[in-house]
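Sequences are here, hints too, so could you generate the full structure?
Chains as they are written, first to last, in my numbering: chain A, 1 to 348; chain B, 1 to 348.
The set of hints was computed from the structure by calculation and includes no laboratory data. Since no wrong hints were added, every one of them can be taken at face value.
Reference listing, derived: stretches of chain B covered by chain A, where coverage requires no fewer than 3 residues with Cβ under 8 angstroms from a Cβ of chain A:
| no. | stretch |
| --- | --- |
| 1 | 35-46 |
| 2 | 105-119 |
| 3 | 123-130 |
| 4 | 144-150 |
| 5 | 165-173 |
Model, not experiment: these values are computed from the prediction. Cβ atoms here follow ideal geometry from the backbone N, Cα and C, with glycine treated the same way.
Protein chains: 2
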Amino acid sequence: MTVATKAAGAEFVASRLQEYGELARLKLWEYLRTGRQPQNLYELAAEYPKRGGRNLRASLCIAAARCFGASTADSLDSAVALELLHNSFLVHDDVEDESEQRRGLPTLHVLHGVPTAVNVGDALAVLSLRPLLRNCSLLGGRLGLRILEEAESMARESVEGQALELEWRRANVTNLLPADYLQMILKKTCWYTTIYPCRVGAIIGTRDSVDLERFVPFGFFLGAAFQIQDDLLNLVGDADRYGKELSGDLLEGKRTLMLIHLLHHASGERRRKISQMLGLPRASRTARQAAWVLDAMSDHGSLEYARGVAHALAGAATHEFAKAFANTASSDARSFLEALPTWVIART
Amino acid sequence: MTVATKAAGAEFVASRLQEYGELARLKLWEYLRTGRQPQNLYELAAEYPKRGGRNLRASLCIAAARCFGASTADSLDSAVALELLHNSFLVHDDVEDESEQRRGLPTLHVLHGVPTAVNVGDALAVLSLRPLLRNCSLLGGRLGLRILEEAESMARESVEGQALELEWRRANVTNLLPADYLQMILKKTCWYTTIYPCRVGAIIGTRDSVDLERFVPFGFFLGAAFQIQDDLLNLVGDADRYGKELSGDLLEGKRTLMLIHLLHHASGERRRKISQMLGLPRASRTARQAAWVLDAMSDHGSLEYARGVAHALAGAATHEFAKAFANTASSDARSFLEALPTWVIART
Chain A
1 MTVATKAAGA EFVASRLQEY GELARLKLWE YLRTGRQPQN LYELAAEYPK RGGRNLRASL
61 CIAAARCFGA STADSLDSAV ALELLHNSFL VHDDVEDESE QRRGLPTLHV LHGVPTAVNV
121 GDALAVLSLR PLLRNCSLLG GRLGLRILEE AESMARESVE GQALELEWRR ANVTNLLPAD
181 YLQMILKKTC WYTTIYPCRV GAIIGTRDSV DLERFVPFGF FLGAAFQIQD DLLNLVGDAD
241 RYGKELSGDL LEGKRTLMLI HLLHHASGER RRKISQMLGL PRASRTARQA AWVLDAMSDH
301 GSLEYARGVA HALAGAATHE FAKAFANTAS SDARSFLEAL PTWVIART
Chain B
1 MTVATKAAGA EFVASRLQEY GELARLKLWE YLRTGRQPQN LYELAAEYPK RGGRNLRASL
61 CIAAARCFGA STADSLDSAV ALELLHNSFL VHDDVEDESE QRRGLPTLHV LHGVPTAVNV
121 GDALAVLSLR PLLRNCSLLG GRLGLRILEE AESMARESVE GQALELEWRR ANVTNLLPAD
181 YLQMILKKTC WYTTIYPCRV GAIIGTRDSV DLERFVPFGF FLGAAFQIQD DLLNLVGDAD
241 RYGKELSGDL LEGKRTLMLI HLLHHASGER RRKISQMLGL PRASRTARQA AWVLDAMSDH
301 GSLEYARGVA HALAGAATHE FAKAFANTAS SDARSFLEAL PTWVIART
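Listed below in structure tokens is the structure:
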């Protein structure tokens, strides 16, 4: 692909994200403005959504549904339920990872304490049920229940993926392989970010008449490329645009593909030093140590390695796209989905 | 009521709790034994249920359903979903309250850290969806969805109640009235502990043909009496039987009815000293301070006052029972429900 067509692809994805994202945001406010007490709880639940975000997951769901012939109205509640759950995950993940920033501002637990943040995360998860129940009147009980079942499996995958990652940090595991990482992000990231939105879009568009397994490879490759790129941006991105503290992953001891590569290739003293740093409590890790690990990653080509894997995964996603969305007619929604693998690794 | 009939009532409640609780426990293990990875996550999810507990909420649901003519099999999934959600609440509440003991052993976050405990709580909430979805095949889509809608409202009440309580502690509010406390426990405790189980039992038993509002007064009075008794046991109960650290509520700064009474009646220096202690971080409060507050409560008759309110609420629950379960035939289940108000304030 030439630079010019890549740029055109990126612009097209951005314009679709703008369109689908706006639809999702409008609907999201309907569910967040509950008019209920305590006001404080619902204001805090709206805090992360208010800070922006692309609504990528909602956009994927809307696009997949359109691609299979559904109206946007039919997919909007499912899309918004997913965004509410995503925000619930973000609030709890930030507590669990002791993250300091989210979307350019301090995280919820930094602002309001862990107890309140845990409860706000719970509230967002509860709020995500309303649009899923509304689906049952909108789409009929059969489809509505199928989507609820999908949501339940997806949420289970997410907590399982989170458990894997937390355990690696808790036990200071330092002998992971790339395959371990890929399995973890399949569960933690890909299921809810990419696989589930496609599956739900297809359920709505086809009235649950298509085999959903075809979306697992496409969603996995796309979601994994997305996650690796996200982890790279955490290390070498533009802090203002990224919205989280730069190198926060290193301070949090997050087992990224780059760190796994480094631990595998660094030898002797260096490896020991990294393991030791990873064994410290988060508060005891310093920015200097993080910078030193980042240097070591550069030395060992860990960043280049991860970029290469992300590119390979994006290529695989492009390949799987044709199977996942076989027999769907040309449309803006289809072009958007097709352009996503290239976009996820090009974004800065 | 004579001492002898009270004792007979308590024995009868205990035997029914044993029977219903055992049915719930057996079913609970089915849902907890997922056979899925990571094993560690599901072992931790089973940790609190394994420690015992009466399965009071499940028993109420089973009894209410029986009372309205349903089979136990028809109510068991709903009952177990509630117990799973209850355990999810317990894990998150313990994190939020910085509690140290649960059911006689250290809390989950004390044993495994806050990050893991938050995720295990999330996993239990996800697990609670499975039996509710199973309901839809067992009872049909219409009833299954009605129960899901009830579950969504109930969970919303619970997070709202939790938000109220957390905010009182965060902002060190010391001018609460008994009515504030009752509103908070209506939302935090009564909805999921007593109101919801009755409503769901009635939905199942009557195929959703009875007005559910009648269960709000009964459930509120019963649940509030239960909560106040629970708070009293935290202060003056038998540590071995109670299962939580005695006076833990005082160390946690929990706004119980006794504390609200004390703050209202203590004057000058004493009131200032209590407010000041409540403003400290949990870790800075000492057992000596807690003992001093407990003494002050005795001085001001706060414990007696709370006992009196619990008795009045139990009386009101008994009165409301006749309306809530009007036109239901005599049965063990009905007698169990009728005896509960007396039981909740008599238990030690």
